[in-house]
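> Here are the chains, one letter per residue:
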Amino acid sequence: MLKILIKKQMAELFRSYVYDPKRNRTRSKAGTVAMLVLFGFLMIVVIGGMFTAMSLAICPALYMAGMNWLYFDLIGLIAVLMGVLGSVFTTFSSLYLAKDNDLLLSMPIPVKYIVAARLTSVYLMGLLYSGVVLIPAVIVYWATTPFSVMSVVGCVVYVLVITLLVFVLSCLLGWVVAKISVKLKNKSFITVILSLAFIALYYVLYFNAQTLIGQLVENAAVYGEKIKGAAYPVYLFGRIGEGYWPSLLIFAVFTALLLAIMWIILKRTFLSIAISTSAVSKKKTDLRQVSRKSVFSALLGKEFSKFVSSPNYMLNCGLGSVMLPALGILALIKGRDLADLIYSGEVQMSIGTVAVLVITGICWIMSAIDTTAPSVSLEGRTLWVLQSLPVNPKSVLDAKISMQLILTFPPLVFCSACCVAVMRPGWALSLLIFALPAAFALLLAVFGTWIGLKSPNLNWTNEIYPIKQSLPVFFSMFGGWICAGIIPLVSLLLLRNVMSCELSLLMLLCVILLTAAFLYAHLANKGAETFSKL
Amino acid sequence: MLIINNLTKTFGEKVAVDNLSLHIRPGEIYGFIGHNGAGKTTTLRSVVGIQSFDSGEILIDGKSIKEQPTECKKMLAYIPDNPDLYDFMTGNKYLNFISDIFGIDTGERKDLIQKYAGIFELTSDLGQPIASYSHGMKQKLAVISAWIHNPKLVIMDEPFVGLDPKSSHTLKEMMREKCDGGGAIFFSTHVLEVAEKLCDKVAIISHGKLVRSGTMDEVRGDESLEQVFLELEADNA
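Protein chains in written order, with the working numbering: chain A, 834 to 1367; chain B, 15 to 251.
In short, the hints are calculated from the structure, not lab data. The beta carbon of each residue, even a glycine, is placed where N, CA and C say it ideally should be. Wrong hints could be hidden among the right ones.
To be verified - Covered stretches of chain A, going by a simulated chain B footprint (3 or more residues, C-beta under 8 angstroms):
(1) 1139–1149
(2) 1218–1224
Stated by the list, open to error - DMTMM-like, lysine to aspartate or glutamate: derived pairs with alpha carbons at most 25 angstroms apart:
(3) A:1227 with B:81
(4) B:152 with A:933
(5) A:1287 with B:68
(6) A:1287 with B:98
Produce the entire structure from the sequences given, and follow the hints as far as they go.
As structure tokens, then:
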């Protein structure tokens, strides 16, 4: 029984390599192999390579200082963070939100088998995320230090202990998420806020990790003694990798105990969580809350309802709306010093050059607002509603464009205003800092709708595919970045000796506006026709 | 009210609808019967303008769905076989969305929503997201949204699937009432007993071709509709 369930779980885990959810069909053999090669390249070469480089930078120094244990502690900490952060939400969804939970629970299968099968994939996910840190680190350790049987045994146990710790932590956090989720009401917004907090935390860790690790390695002896004195178990934990047998024994027993506790908790609570429904109180229907809207307002309202109902949509296509004000605030905090340096002549950079770079930065960040790109695809199976209603398809497309512009303009104006306030350029550059990104926003919104119509995917099985993994989104975002890159290329390189920054930016503004107008005219005619025939 | 002239639609090499002609007059409940894959849904989708067709003509109250789609759609309502509605809206929000599109004023829509939601016992659920609705509740909401703007022509694809017996009965009464008021209804069904009792006229389609149409008496003669349907199916197999 358990074997069958695990087999099913594995088929589900590796389904994306043999099944194309965008087209709703099985991949060709070549497609499957290409997916596996791509995945292998990403995990082994790109991510594995990154951690190999990191291990090579730390391991020899700590080995020379006689602090192998600190090396294993550091690597262990990074692996646990990678593994837990990478798999906590997967744990929650694969354990409690699996689509076949109802089916399996209705069959004569002991609950413990269902839990065990689900946990197998959770362990594999954790192994995958932590493995990309641990395996290169262990190989680097073996290559740096002299060979001994105990160090081989120690490293094997170390990898096993870390992956099991990741597994236990992921499961417990997944359980906590599930417990909270059952009680939550406004899930969409809370998910977005939590995800933004995670992203912020990730970037803080990412940007500070290099410095922290560097400091730790440079002062290994001092920090090492402090850790040993204040947190002896941490020291003991690090010695597992060296093959120090008391450590092996203590942490093997400790991990086994944690595993047992986690198993008991999950086994006892799985059924009640899996079959529970969220604590959504039944809202009283209030038919008086009615206000008549125009057709366009109704369509725009519908677009916003969709946007705010989907954390995936908000996070993946609306992130720029949060990043733009953040950039503005950053400019207010950090930009003043730079502006003073420029005006005092200490930095050899004209204010025109700075303006071009600021405009480029704003446009680059703005490319992260791309709600129009997946919007047509997101109509999916509900497309019939708009198509069967007496609305002009152009109005539908206008509503999609308008939503993106509404999400872009207020934070954009704030960001531009902050930059202008800090830089204090002349009136022409000030106007351009507002106008050029605004024109760029228009182009992005129109282009996203156009590309979304050109390559729609209406047969998706999960909305994440049109939102995150579709060609329109790819072209919209990367196209935006490339176009943003053209601004300094033209203004600071190609036309630098021909005309002033103001003039070149004005020229670019005209080109962007003309392109947007041309695309919009095309959308209004051919695009509307295409939409009605989808 | 609805004239379909020589409608033909192909998907690749498969002819889904083959030179089909029908005429549905005001006051008629017109049933559309056929085996799975006979071309019923393709015809209905073509009529409401969400499926392009290769040749032929579809006129709604004298206006071509190809030439004046928006004008035609103002006169009709469509309920598909699987009512995929906006899951992210509440029932009330969805009905207001439809009312906004059809320009129904605030007071009138409030009364209409109250009336139809009351008839289908959906009032207390209108504040809930559509995502939480059962198939039957979605079907009821689709029916309410179709009736709320008082269309002249209602096109329905298997409208009774998922509805409980009471709601089915209510819908049948509403259909009759609509036609008594000068409207017309064109709907597909697999339930021959329903077609036999409810329809003024019926059309039988097999492999994309219209094999028989007319008043119920003309189509069935002395036999039951089921017998006629099975015989025609055997002839066309």
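> Are three or more residues of the stretch 1139–1149 of chain A within 8 angstroms, CB to CB, of chain B?
It holds: at least three residues are needed, and the stretch 1139–1149 of chain A offers 3 whose Cβ sits within less than 8 angstroms of chain B.
> Between the alpha carbons of residue 1287 of chain A and residue 68 of chain B, is the straight-line distance 25 angstroms or under?
The given pair, whose Cα atoms are some 22 angstroms apart, holds under the 25 angstroms limit.
> Verify the proposed pairing of residue 1227 of chain A with residue 81 of chain B, using a straight-line Cα cut of 25 angstroms.
holds, 16 angstroms
> For the stretch 1218–1224 of chain A, do at least 3 residues have a Cβ located nearer than 8 angstroms to some Cβ of chain B?
As far as the stretch 1218–1224 of chain A goes, the hint holds, because 6 residues have Cβ atoms under 8 angstroms from chain B.
> Between residue 152 of chain B and residue 933 of chain A, does the CA-CA distance stay at or below 25 angstroms?
holds, 23 angstroms
> Decide if the proposed pair is consistent with the structure: residue 1287 of chain A and residue 98 of chain B, CA atoms, cutoff 25 angstroms inclusive.
Holds: residue 1287 of chain A and residue 98 of chain B sit about 24 angstroms apart, inside 25 angstroms.
Violated hints are absent here; each numbered hint is respected by the structure.
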